[in-house]
Each structure stands twice: as structure tokens, then as C-alpha cells.
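Listed below are the residues making up each chain.
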Amino acid sequence: MPSDSSASETFSGNATFRAGAIDGLLITPDAPDDRYQFFDSLRMSILSSLQLADPSAQLGPAVFVRSIRPREAAAQFGDPTLVYDVDLQNPTQWEGRLVFAAQHGTGGWAVPMPGGQASQAVKALIDGGHGDFPFATVYPGTRIISCAVEGAAAGDKTLKLALPATSRTISLSDLAAVLELVRAEGLITPNVCPPGVWSDPAGYVPGVETERLLQWCVASEMRAQFRPILAEREQVTAVGRIDICLTDPATTDPSAQFPAVVELKALRSKFSSGNPVSERSNVAAVASGMRQAKAYRVKKKALLGILACFDLRQAKDDILAHATVQKAQTRYYDDQMGVTILPIYGSPDDAQDELATNVTVA
Amino acid sequence: MTAVEPFAQTKRRVRILQLLEASERAALAPIDTDKLHAFAYLADVLSPVWGLRPFDRRVLKTGRPPYYADLQREVDSLVAMGLLEVSQPAYRKAPDGSMLFQARYALRFASSHGRNIRLALDADIEATAGQSYLDELARALASLRDEDIAAASAEDATYDDPNISSGDIIDFGEVAHRMRTGHATDSLDSLFPDVRLTPGRRLYMYAHYLGRKVHAVG
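As given, the protein sequences belong to chains Z and X, one line each in that order.
Residue numbers are given in the numbering used here: position 189 of the first sequence equals residue 189, and the series is strictly consecutive.
Residue numbers are given in the numbering used here: position 136 of the second sequence equals residue 136, and the series is strictly consecutive.
No lab work stands behind these hints, which were simulated from the structure alone.
Be careful, since some hints might not be right.
Claimed, not checked - Label-pair distances were calculated between CB atoms; the ranges are:
no.: 1; chain 1: Z; residue 1: A202; chain 2: X; residue 2: E147; range: 22 to 30 angstroms
no.: 2; chain 1: X; residue 1: S165; chain 2: Z; residue 2: D253; range: 52 to 60 angstroms
no.: 3; chain 1: X; residue 1: D189; chain 2: Z; residue 2: D253; range: 16 to 24 angstroms
no.: 4; chain 1: Z; residue 1: A250; chain 2: X; residue 2: A8; range: 33 to 41 angstroms
no.: 5; chain 1: Z; residue 1: K299; chain 2: X; residue 2: D189; range: 44 to 52 angstroms
no.: 6; chain 1: X; residue 1: R92; chain 2: Z; residue 2: K301; range: 26 to 34 angstroms
no.: 7; chain 1: Z; residue 1: A202; chain 2: X; residue 2: F109; range: 44 to 52 angstroms
no.: 8; chain 1: Z; residue 1: P276; chain 2: X; residue 2: S112; range: 31 to 39 angstroms
no.: 9; chain 1: Z; residue 1: I68; chain 2: X; residue 2: H215; range: 52 to 60 angstroms
no.: 10; chain 1: Z; residue 1: D54; chain 2: X; residue 2: R115; range: 20 to 28 angstroms
The C-beta atom is built at its ideal place from N, Cα and C for all residues, glycine as well.
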């Protein structure tokens with residue numbers, strides 16, 4: 001296509017063009033696959049919708065099931081009504097209903113909740129041949145979305161997403177708090193993990209895509225907690241690939257464009273093949289993670305950098321006390337850098353042990 | 001009628017079924033006349049974003065959102081064939097005083113012919129690629145305010161080009177006209193040089209620019 005720089009400048013200097021582009025960018029989440037993209041989009045739509053709710057209203061749960069053809073699917077369960085612009089409409093449009101939702105999460109077709117309960121709706125989905133489709137149960141009262149990534153028929157493995165009422169400001173302590181929220185609510189045991197984080201949880205064998213899923217869990221939570229923000233996974237720079245780069249698309253202050261970079265590491269006892277991982281490898285991963293987090297912060301001129309180590313090891317030694325890690329911390333870190341260790345357990349018993357012994361989380 | 005015409009007619013009918021399929025998937029169907037034509041127009045003018053050629057290469061610029069007479073004729077044929085269902089037929093008075101026929105269109109799921117056509121399209125690589133594009137564009141449009149979707153097409157950089165008057169033909173094959181929408185979508189890179197802008201993201205970003213523009217001018 002021939003170039004015409006003046007025409008390009010006309011658009012890039014246009015405030016409406018920029019504002020619209022930001023709107024579009026903020027609602028197109030960067031996700032590993034279309035199921036996670038659906039949950040992310042739905043979460044952001046529900047968050048906006050809840051802000052329009054009457055604070056005194058008692059809102060019932062709703063079930064949103066992703067459908068290829070929402071109108072056709074909903075018609076199997078009754079006389080459906082159109083649900084549209086979820087992000088712009090009061091929750092009364094969708095609460096207490098079974099919604100056959102489109103991939104974008106802002107619309108679909110709804111029927112009254114079968115049996116009046118979410119559990120009955122899930123049973124009806126399975127009976128109606130929709131058991132394989134991802135679905136989310138929205139609990140407005142507790143501000144939680146419970147997501148069944150592999151559908152109702154796959155059993156009870158669900159992923160919990162928070163619906164924070166307010167947005168946080170980005171600081172090292174808030175970054176650490178959000179990471180802890182991801183761990184405690186969405187990863188701590190295999191029962192709440194997205195499928196694929198573990199391949200054999202009891203044997204502490206992670207899955208083949210563990211890092212990719214952890215990235216999404218963190219990026220998605222940061223999008224919801226620090227909204228409006230872009231949380232881009234695997235952004236490529238000349239010095240490497242940033243796991244998560246937080247970008248404020250609306251700022252006009254170049255020094256505030258990148259509030260933070262987040263580097264993620266998965267510490268493990270075993271590879272996904274089941275072969276053992278040496279302690280030295282985990283120590284090296286933490287040390288290199290500190291170097292990467294700092295280098296990416298410098299490269300992006302980001303305000304903050306944090307290293308999040310998801311600890312999937314069976315024996316969770318204090319890796320930050322290791323001499324190599326301490327040396328790296330001294331060499332690379334300043335007061336704008338943080339590190340947090342996030343223990344994840346392969347069994348509920350091990351997680352209970354953490355709670356019962358009140359282990360302090362770094 | 002020449003031998004080429006039935007083929008062109010079939011292609012257009014397939015295109016309409018694909019537009020309606022994408023509308024169903026995005027929960028836009030039953031889709032009203034204005035939205036359907038807006039969707040068809042934006043699918044043409046934004047097709048380079050997806051590496052595709054526009055289906056229709058020309059549209060008449062009028063004082064209202066884009067409208068394809070050929071598309072409407074074939075929509076009516078598909079209704080008559082039982083492949084589409086029509087609801088809420090009505091006449092609406094245009095600003096120039098003329099009467100416009102309006103209705104809502106959707107796939108008729110009960111049609112066994114429709115199901116067979118869908119199976120054939122799902123097995124065709126070229127049709128599948130085109131459907132993916134239409135699905136993504138429909139999702140981007142569905143993320144706009146419902147009442148803004150039809151008006152957004154009239155705000156497209158090419159359709160709204162001040163150098164093209166009402167009554168003129170917009171030819172997507174002419175470089176100068178194609179350039180304005182193309183320049184807009186290309187300009188997104190300079191706004192966000194560090195962000196990975198997939199074709200899908202470009203569609204959402206451009207659609208929301210049009211949505212903002214509807215209110216800026218309104």
C-alpha cells in the first residue's frame with residue numbers, strides 16, 4: 001500500500017481516534033486461548049455492569065455459558081430474551097438467569113434459571129448437550145466469578161476470578177497483594193487451579209503449559225484490579241521477553257506510560273516429564289528473574305519492577321535466603337523493585353498445613 | 001442471463017449467509033436492515049486488515065449509512081427460500097422524505113438446506129477463513145453500543161471522506177479511497193508501538209473509534 005504520511009498523522013494526532021483506539025484495546029484481552037479470553041471479557045463486562053447496580057439490591061447468581069450460536073442454544077431452554085451491552089446495562093438484565101453468551105462477553109440470549117438455582121442450571125446444561133462449553137457462574141453478592149474452563153461435564157475444577165469493587169493504584173505493595181490474591185483464590189490447590197497448571201499434582205509434576213497459564217492468571221487479575229490498564233503478556237524487547245508489561249494507554253506523561261513490569265518464575269521439584277529439577281536450577285531461576293525484572297524495568301523506563309516466583313516445589317525451602325539469590329538482590333535491586341514467593345500446593349492437605357502452621361509468606 | 005451471473009449470485013448468497021452466521025455468533029441477530037448493511041460495508045472496507053479482498057468493490061455514497069441494493073435483493077431471495085427468517089417488518093421515513101423498508105433478519109435454524117450449506121462451508125478452507133474474519137468483526141461491532149452500530153459505518157474514514165460527495169460511487173479498488181481506512185488502521189501502530197496489535201485488535205480499536213465518532217458528531 002503506498003505511503004501517505006500526512007494521512008497517518010491526521011489520525012494519530014486526532015483525540016477521538018486515540019480515545020476510540022484505547023477503548024478497543026482495553027476490551028481485547030491478551031489470553032492463551034478463546035476460553036480464557038471469554039472469561040476475561042465477561043469479567044470486565046460484569047465489573048462495569050455491577051458499577052451501575054443499586055447498592056442495596058440483592059442480586060442473585062447468573063450462569064453465563066459460552067455458545068457458538070447463543071440464540072439457537074437458548075431456544076432449547078425456553079423463550080429467550082436478548083441480553084446486550086452487558087457492560088453498559090444494570091445487572092437486572094442478567095441476574096438470576098442462564099445466559100447463552102457470545103464470545104465477546106457483552107451479549108447473548110437469556111432464559112430464566114432452570115430450577116431457580118445455578119446448580120440446576122448446570123445440570124440442565126449437561127442434560128441439554130451443552131456440558132462441554134465453558135461457563136461462568138457470577139455471584140454478585142460475593143463478587144466472585146467461578147469459571148469452568150472445560151465445561152460442566154468436566155467435573156468440579158473451577159477457576160475463581162474476583163470482581164473488585166474499586167480499582168487499586170499501582171505500588172509495590174499493591175502488586176504483591178494482587179499476586180497473593182491470585183495465589184490464594186485461584187492457584188493454591190489443584191481444586192481451584194486452571195486445568196493444565198498441574199499434570200500430576202499429588203506427585204508435584206507441573207503441566208507443559210504452566211508458565212503460560214500463570215501468566216494469564218496474573219495478567220487477568222491485574223487488568224481487573226488496576227483498571228483501566230493493559231497487562232500485556234510476553235512483550236518482546238531488544239533485551240528479552242517481558243512476562244507481563246503493565247501499560248497505561250491513556251496517559252500523556254511518557255514517564256508514566258509503563259507503571260510496572262512483572263517477571264514470573266515457576267519453581268518446581270519436577271519437570272513436566274516427571275524428571276527431577278535441581279535446587280541449583282531453581283536458585284538460578286530466581287537470580288536470573290531478578291536480573292530480568294530489573295533489566296526490563298530499565299529498558300521500558302517502567303516505574304516499578306517485581307519478580308513473582310510461583311513455588312510449585314514439594315519442599316518449599318526459603319530460596320530467598322540462598323547466597324546466590326541474596327547476591328543477585330544486592331546487585332540488581334533498589335527500592336523500586338520487589339520480589340514475592342507464592343507457594344502453590346499439589347494437595348489440599350499441604351495447603352492446609354500452611355494455613356494451620358501460619359507460615360509467613362514472603 | 002450469462003453463465004457468470006448465477007455463480008456471482010450464489011457467491012453473494014453465501015456471503016449473506018456468512019454475514020448472518022457471524023451475526024448469530026455475536027448475538028447481533030436478528031439483525032436489522034441498517035446494521036446488516038453497515039456490517040457488510042465495514043467487512044468490505046476493513047478486509048485488508050485480515051489480508052482479504054473486499055467482497056463488493058463499489059458502494060454508492062448517500063446521505064445515510066451504506067446500503068447495498070444487490071445484497072438486499074438476495075436477502076429477500078434467501079427469505080423466500082426459507083434459509084432466513086424475517087421479523088418486525090416496517091416502513092420508516094428517511095430524512096429526505098422517502099420511505100425505507102426495515103426488518104430484522106436471522107438464520108432459519110429449522111432449515112435442513114441451511115444446515116447442509118453450513119456443513120459445506122465449514123469444510124471449505126476459503127470459506128472458513130472468511131467466516132473467521134466476519135466473526136471477529138461482528139464481535140468488535142457487538143462490543144459497541146447497540147444503537148451506534150449502524151451509524152458507525154457512516155463514520156468510516158473512507159465513507160466519510162469529505163472529498164467524496166453524496167451520490168458518488170466509492171470504489172474500494174481505487175487506491176486513494178482505500179487509503180483512508182487503511183491509513184487509519186495503520187496509524188494504530190504509531191499510537192501503541194510497544195503493544196502487539198493483532199488483526200482482531202485492530203478491528204476492535206477501529207470500531208471503537210467509529211463508535212466515539214458517532215457521538216463526537218452527534
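Here's how the hints hold up against the structure:
1. Z:A202 with X:E147: 22 to 30 angstroms: Violated: the Cβ-Cβ distance is about 54 angstroms, outside 22 to 30 angstroms.
2. X:S165 with Z:D253: 52 to 60 angstroms: Since the Cβ atoms of S165 (chain X) and D253 (chain Z) sit about 42 angstroms apart, the hinted range of 52 to 60 angstroms is violated.
3. X:D189 with Z:D253: 16 to 24 angstroms: With a Cβ separation near 21 angstroms, D189 (chain X) and D253 (chain Z) satisfy 16 to 24 angstroms, so the hint holds.
4. Z:A250 with X:A8: 33 to 41 angstroms: Violated, at about 47 angstroms.
5. Z:K299 with X:D189: 44 to 52 angstroms: Given about 20 angstroms between the Cβ atoms, the range is violated.
6. X:R92 with Z:K301: 26 to 34 angstroms: With a Cβ separation near 54 angstroms, R92 (chain X) and K301 (chain Z) fall outside 26 to 34 angstroms, so the hint is violated.
7. Z:A202 with X:F109: 44 to 52 angstroms: For F109 (chain X) against A202 (chain Z), whose Cβ atoms are near 46 angstroms apart, the range 44 to 52 angstroms holds.
8. Z:P276 with X:S112: 31 to 39 angstroms: violated (58 angstroms)
9. Z:I68 with X:H215: 52 to 60 angstroms: For H215 (chain X) against I68 (chain Z), whose Cβ atoms are near 32 angstroms apart, the range 52 to 60 angstroms is violated.
10. Z:D54 with X:R115: 20 to 28 angstroms: Distance hint for D54 (chain Z), R115 (chain X) is violated at roughly 44 angstroms.
Violated hints for the displayed structure, listed by number in ascending order: 1, 2, 4, 5, 6, 8, 9 and 10.
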